[in-house]
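Each chain, letter by letter, is given below.
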Amino acid sequence: MLTTLLAALLFLHQTPQSSPRTIAIDESLAAAAKLKVGDKVTLLGRPAAEDYAVMTATPSGYSPGVAPAETVIVGAIVRRGADPSEVARGDFLVRMHLDQLQSISGYGDRVDRFAVATRSSANVSRLLKEINDVAFGFRAYRSRDIAVETSRTFQVVSRFHRAIGVITIVASSLFLLCIMVLKVEERRRDIAALRLMGISRWSIVKSIIIEAALVAVLGSALGVLLGWIGSLIVNWHYQALYHTPLEFSIVTPGIVGMSVLLSLVLGAAAGVLASLRLVRTPPLVLLGR
Amino acid sequence: MRLTLARAALIRHRARTLLAVLGVAVAAAMLLDMVMLATGMRESFRQLLLSRGFDIRLAPKGTLPFDTDATIPSVSAITTVLRSNPDIREISPVLGAAMHIQIAGRDISGSVLGIDPSVQGDYELLSGKDVSDPDAIVVNDHLLSQLHARMGDTLSVATGYDPQTRTYSGQRKLVLTGRVRFIYGAAEQSSGAVRRETLEAMEGGARRDRASLFMIRVRSGADPDRVRDWIETYIPTVSAISIATAIAQVDQRLSYFRQLAVILGAVSLFVGFLLVTTLMTVSVNERTGEIAVMRAIGISREHIVEQIVAEGVAISVAGAVLGLGLGLVTARYLNAILSAFPGLPTAIDFFLFQPQAAWSALGLLIISGIGAGIYPAWRAASLPISESLRREAIA
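Residue numbers (my numbering), protein chains in the order written: chain A, -18 to 270; chain B, 40 to 434.
Please keep in mind that the hints were generated in silico from the structure rather than gathered at the bench. Wrong hints could be hidden among the right ones.
[To be verified] Reference listing, derived: stretches of chain A covered by chain B, where coverage requires no fewer than 3 residues with Cβ under 8 Å from a Cβ of chain B:
(1) 136 to 143
(2) 153 to 162
[As the list claims (entries may be wrong)] The following label-pair restraints were derived from C-beta to C-beta distances:
(3) A:Arg261 - B:Gly382: 54 to 62 Å
(4) B:Gln395 - A:Arg140: 23 to 31 Å
(5) B:Gly382 - A:Phe95: 25 to 33 Å
(6) B:Trp398 - A:Arg76: 49 to 57 Å
(7) B:Arg205 - A:Arg143: 38 to 46 Å
(8) B:Gly382 - A:Asp114: 30 to 38 Å
(9) A:Leu227 - B:Arg46: 52 to 60 Å
[As the list claims (entries may be wrong)] Non-contacting residues of chain B with respect to chain A, defined by C-beta distances greater than 10 Å in every case (computed):
(10) Leu42
(11) Thr78
(12) Gly167
(13) Pro173
(14) Ser184
(15) Leu186
(16) Thr193
(17) Ser208
(18) Arg247
(19) Ala420
(20) Ser425
(21) Ala432
Just so you know, these numbers come straight off a predicted model, no measurement behind them. Idealized CB from N, CA, C, for every residue including glycine.
In isolation and in its complexed conformation, chain A is listed as follows:
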């Protein structure tokens, strides 16, 4: 219903009326309609399509009919809550008193929904059953169930992000492996010399694994820093774009831990693969003799 209401025309009203009531509008509406606190506006309760009466049907067009209207004052400009389901819609939001909205929309003594808070000790399932058994004309749902139903879009986006994440990990693994192979091969003469000096294969492999792990940890530390900066940029950009305080990107300790661990494992694995190739090759071959 709010969407319907917001689709209605909202324009500056010149004629003062006696003690108009106040409404709160969101920042994006204030910016789009160039409204500030104290401005008077006229609200039409239904979409314009409902409020224009077709008077004539000629090529010169229609004469709009007179629509019921109410003058109110912008009492506050508010920042909207972080509701992901509203982000991309670009709707404007007006908050007004319930009786005022019921009157202007012609809804009468009706509401779209009741929000019911229960005591912490209440048995919610039993309560739901009791309400639904006696209710006439509405159904009660648990908030969690509604959240699950309305979050299907975000579940899809989340699955998409996970898939992109897997592809990125595959690409990073190949990149890391390639870099490690190059780094180790660059030192084939050093490795040959170490082998000729009597250093065991396993010692060489261990030293390369440690080196690879160090590179991976340092790289992931740099990656975390870049990711954190990227996250700040993403939030700054999308919060400004959608006029919302919603956090689009969050760097949590769990995510940092997982990325460092993943880099460490991948780096060590790349080190093992790269070093095994070289330690199996005779030292003189490595020296090119």
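For this one, chain A is given, so just place chain B on it according to the hints.
Frame of chain A; chain B shown alone:
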């Protein structure tokens, strides 16, 4: 000669070359996917809107088609005004509503469209007959599977459900005459269509002579945007949406995916570039002696540069070709994930393969391959010959 030497250099380190090609292939696959995502969604939506030849949609003022329950009043008067414009060729008013079908003790809900079958652009008939008489209904496969009904069955269809009184405003026996595919419908949506006058009668007086949407076909050669402006001037009760404005609105709603595509595409390109640059730099460092010998026997700097760049380009091209196949497979997988968006028309593809997208990805990778080879090639060509030879001899 240059190409032969480049090929020999790459073959000499097979494992390294293979890893680099694989790395570039994954980057190329990601780049192709992101190019497809950035351009395909818009193109797919445009194709969907144009699929039935309607250029303009009229929705209740301030809304998008079927975005709210609002309707446009005075359909006949609006139709008369629209017909006065010689650029408008065809007008298709559509009324939408929720319906309930009682069958074998079950209540199956879905949506129903009231249309004029001679000008409708909402569905295509797959089998059976269209809604040629007022008591006919056609349904999509999803609804048909829920109903377990056959052509010719009579269905008890109700509309205008009032939750307060648990009654319907209209109930009617309709004969199932056809199986259809709704062009703008989602896969999991149960839908049917009847004649508009049938639905109006079932919905009661409140929705008489009203429509949820008008679809308009303009005359060949006419400018849809001019017609749209004309409509908005002469019919203030509607929002006229041309293909261009609809695409702009979808762009705005789905801008996240486009921006994600640009960012990930750029990262993929950079990773591919970095991989080839690293490989070529290490390769040049290993071959300083060889390059110095080539320079000492009179081979020109340009020759060396061209050979190194050719190696970089070869890795990029091989990776890009492999990545093209890989990208198509991953695009299908990612598209299947995003197709699960609730209410998304089945005909919409987020990842749409267009040859131009593939060429763009390939072109970008080749340019990055050339760019990646330039620094190592410049280093190789600038090596001091005598010093490099001496260092090689000592080593």
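Verification of the hints:
1. 136 to 143: holds (count 3)
2. 153 to 162: holds (count 6)
3. A:Arg261 - B:Gly382: 54 to 62 Å: 58 Å, holds
4. B:Gln395 - A:Arg140: 23 to 31 Å: 29 Å, holds
5. B:Gly382 - A:Phe95: 25 to 33 Å: 26 Å Cβ-Cβ, so the 25 to 33 Å window holds.
6. B:Trp398 - A:Arg76: 49 to 57 Å: Between B:Trp398 and A:Arg76, where Cβ atoms are some 52 Å apart, the hint holds.
7. B:Arg205 - A:Arg143: 38 to 46 Å: 43 Å, holds
8. B:Gly382 - A:Asp114: 30 to 38 Å: Since the Cβ atoms of B:Gly382 and A:Asp114 sit about 32 Å apart, the hinted range of 30 to 38 Å holds.
9. A:Leu227 - B:Arg46: 52 to 60 Å: The hint (52 to 60 Å, Cβ to Cβ) holds, given that A:Leu227 and B:Arg46 are roughly 53 Å apart.
10. Leu42: At about 23 Å from chain A, B:Leu42 clears the 10 Å cut-off, so the statement holds.
11. Thr78: 18 Å, holds
12. Gly167: 33 Å, holds
13. Pro173: 26 Å, holds
14. Ser184: 21 Å, holds
15. Leu186: 24 Å, holds
16. Thr193: 30 Å, holds
17. Ser208: For B:Ser208, whose nearest Cβ neighbour in chain A is about 15 Å away, the distance exceeds 10 Å, so it holds.
18. Arg247: Nearest chain A Cβ is 13 Å from B:Arg247, so the label holds.
19. Ala420: Holds, because the least Cβ-Cβ distance between B:Ala420 and chain A comes to about 21 Å, which exceeds 10 Å.
20. Ser425: 21 Å, holds
21. Ala432: 13 Å, holds
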